[in-house]
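Chemist: Read off the chains here:
2 protein chains.
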Amino acid sequence: MKKINLVILGALGVVGQEMLKVLEERNFQVNNLRLLEHKKFAGTIVRFQGKEYKVEETKENSFDGSDITLIAVGNSISEYYMPFIKKSGSLAIDNSSAFRLKDDVPLIVPEINPEEITNHNGIIANPNCSTIIGLVAINELNKYAHVNRMIVSTYQAVSGAGIEGMAELRKGVIADTNNEPFEPKIFQHEIAFNLIPHIDTPLENGYTKEEMKMFYEGRKILKNDKLMVNCTCVRVPVMRSHSESITIETEKDITIEKARELLKNAPGVKLVDDLENGQYPMPKDSSNQDLIYVGRIRRDISKDGLKSITLWCCGDQIRKGAATNAVQIAELAVEKGIV
Amino acid sequence: MKKINLVILGALGVVGQEMLKVLEERNFQVNNLRLLEHKKFAGTIVRFQGKEYKVEETKENSFDGSDITLIAVGNSISEYYMPFIKKSGSLAIDNSSAFRLKDDVPLIVPEINPEEITNHNGIIANPNCSTIIGLVAINELNKYAHVNRMIVSTYQAVSGAGIEGMAELRKGVIADTNNEPFEPKIFQHEIAFNLIPHIDTPLENGYTKEEMKMFYEGRKILKNDKLMVNCTCVRVPVMRSHSESITIETEKDITIEKARELLKNAPGVKLVDDLENGQYPMPKDSSNQDLIYVGRIRRDISKDGLKSITLWCCGDQIRKGAATNAVQIAELAVEKGIV
Chain G
1 MKKINLVILG
11 ALGVVGQEML
21 KVLEERNFQV
31 NNLRLLEHKK
41 FAGTIVRFQG
51 KEYKVEETKE
61 NSFDGSDITL
71 IAVGNSISEY
81 YMPFIKKSGS
91 LAIDNSSAFR
101 LKDDVPLIVP
111 EINPEEITNH
121 NGIIANPNCS
131 TIIGLVAINE
141 LNKYAHVNRM
151 IVSTYQAVSG
161 AGIEGMAELR
171 KGVIADTNNE
181 PFEPKIFQHE
191 IAFNLIPHID
201 TPLENGYTKE
211 EMKMFYEGRK
221 ILKNDKLMVN
231 CTCVRVPVMR
241 SHSESITIET
251 EKDITIEKAR
261 ELLKNAPGVK
271 LVDDLENGQY
281 PMPKDSSNQD
291 LIYVGRIRRD
301 ISKDGLKSIT
311 LWCCGDQIRK
321 GAATNAVQIA
331 ELAVEKGIV
Chain R
340 MKKINLVILG
350 ALGVVGQEML
360 KVLEERNFQV
370 NNLRLLEHKK
380 FAGTIVRFQG
390 KEYKVEETKE
400 NSFDGSDITL
410 IAVGNSISEY
420 YMPFIKKSGS
430 LAIDNSSAFR
440 LKDDVPLIVP
450 EINPEEITNH
460 NGIIANPNCS
470 TIIGLVAINE
480 LNKYAHVNRM
490 IVSTYQAVSG
500 AGIEGMAELR
510 KGVIADTNNE
520 PFEPKIFQHE
530 IAFNLIPHID
540 TPLENGYTKE
550 EMKMFYEGRK
560 ILKNDKLMVN
570 CTCVRVPVMR
580 SHSESITIET
590 EKDITIEKAR
600 ELLKNAPGVK
610 LVDDLENGQY
620 PMPKDSSNQD
630 LIYVGRIRRD
640 ISKDGLKSIT
650 LWCCGDQIRK
660 GAATNAVQIA
670 ELAVEKGIV
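So the sequences go chain by chain: G and R.
If you read the first sequence in the working numbering, its first letter stands for residue 1, the second for the next number, and so on.
If you read the second sequence in the working numbering, its first letter stands for residue 340, the second for the next number, and so on.
For the record, the hints were derived by calculation from the structure and aren't laboratory data.
C-beta: ideal position from N, C-alpha, C; glycine also.
Be a bit skeptical, because a hint or two may be false.
[What the hints assert, rightly or not] PhoX-like mimics (lysine-lysine), calculated; alpha carbons at most 25 Å apart, straight line:
{"#": "1", "chain 1": "G", "residue 1": "Lys226", "chain 2": "R", "residue 2": "Lys646"}
{"#": "2", "chain 1": "R", "residue 1": "Lys642", "chain 2": "G", "residue 2": "Lys223"}
{"#": "3", "chain 1": "G", "residue 1": "Lys171", "chain 2": "R", "residue 2": "Lys623"}
{"#": "4", "chain 1": "R", "residue 1": "Lys378", "chain 2": "R", "residue 2": "Lys524"}
{"#": "5", "chain 1": "G", "residue 1": "Lys3", "chain 2": "G", "residue 2": "Lys284"}
{"#": "6", "chain 1": "R", "residue 1": "Lys378", "chain 2": "G", "residue 2": "Lys303"}
{"#": "7", "chain 1": "R", "residue 1": "Lys378", "chain 2": "R", "residue 2": "Lys425"}
{"#": "8", "chain 1": "G", "residue 1": "Lys303", "chain 2": "R", "residue 2": "Lys591"}
{"#": "9", "chain 1": "R", "residue 1": "Lys646", "chain 2": "G", "residue 2": "Lys209"}
{"#": "10", "chain 1": "G", "residue 1": "Lys143", "chain 2": "R", "residue 2": "Lys378"}
{"#": "11", "chain 1": "G", "residue 1": "Lys303", "chain 2": "R", "residue 2": "Lys646"}
{"#": "12", "chain 1": "G", "residue 1": "Lys303", "chain 2": "R", "residue 2": "Lys642"}
{"#": "13", "chain 1": "R", "residue 1": "Lys623", "chain 2": "G", "residue 2": "Lys284"}
{"#": "14", "chain 1": "G", "residue 1": "Lys284", "chain 2": "R", "residue 2": "Lys378"}
{"#": "15", "chain 1": "R", "residue 1": "Lys623", "chain 2": "G", "residue 2": "Lys185"}
{"#": "16", "chain 1": "R", "residue 1": "Lys565", "chain 2": "G", "residue 2": "Lys303"}
{"#": "17", "chain 1": "R", "residue 1": "Lys642", "chain 2": "G", "residue 2": "Lys307"}
{"#": "18", "chain 1": "R", "residue 1": "Lys482", "chain 2": "R", "residue 2": "Lys378"}
{"#": "19", "chain 1": "G", "residue 1": "Lys307", "chain 2": "R", "residue 2": "Lys548"}
{"#": "20", "chain 1": "G", "residue 1": "Lys307", "chain 2": "R", "residue 2": "Lys378"}
{"#": "21", "chain 1": "G", "residue 1": "Lys303", "chain 2": "R", "residue 2": "Lys548"}
{"#": "22", "chain 1": "R", "residue 1": "Lys378", "chain 2": "G", "residue 2": "Lys226"}
{"#": "23", "chain 1": "R", "residue 1": "Lys623", "chain 2": "G", "residue 2": "Lys307"}
{"#": "24", "chain 1": "G", "residue 1": "Lys252", "chain 2": "R", "residue 2": "Lys642"}
[To be verified] Derived Cβ-Cβ restraints for the label pairs, each shown as a range:
{"#": "25", "chain 1": "R", "residue 1": "Pro453", "chain 2": "G", "residue 2": "Ile163", "range": "51 to 61 Å"}
{"#": "26", "chain 1": "G", "residue 1": "His189", "chain 2": "R", "residue 2": "Asp539", "range": "25 to 35 Å"}
{"#": "27", "chain 1": "G", "residue 1": "Asn288", "chain 2": "R", "residue 2": "Thr457", "range": "55 to 65 Å"}
{"#": "28", "chain 1": "R", "residue 1": "Glu363", "chain 2": "G", "residue 2": "Gln188", "range": "44 to 54 Å"}
{"#": "29", "chain 1": "G", "residue 1": "Asn288", "chain 2": "R", "residue 2": "Lys597", "range": "40 to 50 Å"}
{"#": "30", "chain 1": "G", "residue 1": "Asn179", "chain 2": "R", "residue 2": "Arg558", "range": "40 to 50 Å"}
{"#": "31", "chain 1": "G", "residue 1": "Asn288", "chain 2": "R", "residue 2": "Lys562", "range": "18 to 28 Å"}
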């Protein structure tokens, strides 16, 4: 396999760091590696695959000569550098939401729609974390019975707000335990021992941007522009793994036995479904690994017939929800000879 | 108003203690008060309305001469003493789930079905905490548009497992912060920085007993034996308040404006619904008070038309979810001259 000249934009953030870890674990074949960051971090030394790399300040020509750029920064920085990445000829794999819904940008979950990769125009987008986790969980059920409606309530970890989010939960918990006052800076409100039903910007329809990502990205990834998605996104005092309570309605009948059989063999899924023995997905168990844990699979008893199912899933937001999915896209690009 | 001879069975538990607090706050007129507990707690001194009371060991004749017995113990103890309470002529207001679904036992949320109180046969049951919270939130919407389907995901506080549950979360959080191992005793798994999608006993249909309470109790309280309820109950690392993400489908059309107007004036409800300005129900805010906070009210965009709505609510599980509701039933009984 070709050795890749790789750039990571945002190499010291929580997703950038996890990308390096995942690339190393999967023994991604790197020729030259450039780690880019804000100039205040330039000079930081990072070890990767036994070598030391010096973090560089991001510049407009930083992408020249590279094959792939993994982008692990927010929308505005991604948007700013994208023309320079395109000009350099490097394939951008972007974790921000800036380009996800553009027509000429494939939005890829490798377990679901790998074939889309050939439709790229220099940019491939990595979907939102809760979208990836929920869609990997229902993918095989959708293929079998065609999902036409999803009602989702999320339980999202603080790692969605990066290292600072995780630190704020820890500090908040310590302050609460010591009966000390605590002023949140990262989240809108205190997150320790609390829940915040507000992630990303409010929109006019009463939903948040985060909630509408599941709607629009879900339609694009599943190639179903009639898919109806109702999502409620809630921040919970959990460190790394997102969880989701999902009810799907399908076009075709599907039994619980069939759903379990499909999920047992579903790519990217670990079936953990034995309520009787206290076995089900939990964020502590699904953290620091790549599979989406799925369980609590049961008939939706609020609807007669065999056309709806309820389940519960958990997945590491930093890994499969971001870094791992991006690295999988990079692997796919190499495999398909796109770079 | 008549002064009541009152017994509290389970007076030192988290609900019993809160009952005393609520009775005091609401200036409930007590003539004689007996506080019953397991014999190991007998002799404990409790202050109530300026007087000191000595906790007594529960005996079969402890209820003789009383008008009302508030029961704040589990099913087996409630079941054991119920014949003696009945024999004494004391009206039992029972917080356990043992009698809730019996035909001759009214199951009452005073904001919803106070008229049922006259149908008692010596026992009135207090509904399950998450049922009370969810139903108070949707009560006025149901009256207006007739709810026929509910899809609910709960975020339930550890206080549902009493003082020990709250202590276990605190200890777990401290152990995690200090990187020390922690062995859960109260919950099936660690609850600190985790979620457990398993409350009460597993049933054959793949739901837990807790989840089916919303189904059966909901039908009984709303007097709608066709109500379809799909509930997912999840324990979260929050101390006192339960939260619920609820989607309802209705028989009649209902606009969001109408829903907001109804909820603004709904008994027992505080409307907190201004996403734009970061205002919505959160368990930290709804703790230590009696109202159910309702917000995030919006069109269910997974369904066309005006027959479904999604909302988010929070309520103190120990207060409105248990103690306050029981005291409200006692007040109603006095008011109606039943005791």
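Chemist: Indicate, hint by hint, whether the structure satisfies it.
Modeler: Hints versus structure:
With a C-alpha separation of about 19 Å, the suggested pairing of Lys226(G) with Lys646(R) holds against the 25 Å cut-off. Our distance criterion of 25 Å between C-alpha atoms is met by Lys642(R) and Lys223(G), whose separation comes to about 19 Å. In summary, the hint linking Lys171(G) to Lys623(R) is supported, as the alpha carbons are separated by about 17 Å, within the 25 Å threshold. Taken as a hint, the Lys378(R) and Lys524(R) pair is honoured in the structure, with Cα atoms around 24 Å apart against an allowance of 25 Å.
In summary, the hint linking Lys3(G) to Lys284(G) is not supported, as the alpha carbons are separated by about 35 Å, beyond the 25 Å threshold. Simply put, Lys378(R) and Lys303(G) have alpha-carbon atoms about 48 Å apart, too far for the 25 Å limit, and the pair is violated. Pair hint Lys378(R) plus Lys425(R) holds up; C-alpha atoms about 22 Å apart against a cutoff of 25 Å. This hinted pair checks out: Lys303(G) and Lys591(R) have alpha carbons roughly 18 Å apart, not beyond 25 Å.
A hinted pair counts as satisfied when its Cα atoms are at most 25 Å apart, and Lys646(R) with Lys209(G) qualifies at roughly 24 Å. Pair hint Lys143(G) plus Lys378(R) does not hold up; C-alpha atoms about 61 Å apart against a cutoff of 25 Å. For the hint pairing Lys303(G) with Lys646(R), the CA-to-CA distance comes to about 16 Å; that is within 25 Å, so the pair holds. Taking the CA atoms of Lys303(G) and Lys642(R), the gap is about 15 Å. The hint holds against a cut of 25 Å.
For the proposed pair Lys623(R) and Lys284(G), the alpha carbon gap of about 23 Å is at most 25 Å, so the pair holds. Simply put, Lys284(G) and Lys378(R) have alpha-carbon atoms about 40 Å apart, too far for the 25 Å limit, and the pair is violated. With a CA separation close to 17 Å, the supplied pair Lys623(R) and Lys185(G) stays within the 25 Å bound. About 11 Å separates the Cα atoms of Lys565(R) and Lys303(G), which keeps this hinted pair within 25 Å; it holds.
Taken as a hint, the Lys642(R) and Lys307(G) pair is honoured in the structure, with Cα atoms around 16 Å apart against an allowance of 25 Å. With a C-alpha separation of about 46 Å, the suggested pair Lys482(R) and Lys378(R) falls outside the 25 Å cut-off, and the hint is violated. For the hint pairing Lys307(G) with Lys548(R), the CA-to-CA distance comes to about 24 Å; that is within 25 Å, so the pair holds. With a C-alpha separation of about 54 Å, the suggested pair Lys307(G) and Lys378(R) falls outside the 25 Å cut-off, and the hint is violated.
The hinted pair formed by Lys303(G) and Lys548(R) meets the criterion: a straight-line CA distance of about 19 Å does not exceed 25 Å. For a cut-off of 25 Å, the pair hint linking Lys378(R) to Lys226(G) is broken: about 64 Å separates their Cα positions. For a cut-off of 25 Å, the pair hint linking Lys623(R) to Lys307(G) is broken: about 38 Å separates their Cα positions. Of the supplied pair hints, the one linking Lys252(G) and Lys642(R) holds, its CA atoms being roughly 18 Å apart against a limit of 25 Å.
Roughly 52 Å separates the CB atoms of Pro453(R) and Ile163(G), a value that falls within the hinted 51 to 61 Å. The hint said 25 to 35 Å for the Cβ distance between His189(G) and Asp539(R), and at roughly 30 Å that hint holds. Restraint check, Asn288(G) to Thr457(R): a C-beta distance of roughly 58 Å satisfies the suggested window 55 to 65 Å. Distance hint check: the CB atoms of Glu363(R) and Gln188(G) are about 35 Å apart, inconsistent with the given range 44 to 54 Å.
Remark: the range hint 40 to 50 Å for Asn288(G) to Lys597(R) is upheld by a beta-carbon distance near 47 Å. A C-beta distance of roughly 44 Å is found between Asn179(G) and Arg558(R), which places it inside the suggested range of 40 to 50 Å. For the pair Asn288(G) and Lys562(R), the beta carbons lie near 49 Å from each other, so the given range of 18 to 28 Å is not met.
Of the hints listed earlier, those the structure fails to meet are numbers 5, 6, 10, 14, 18, 20, 22, 23, 28 and 31, in rising order.
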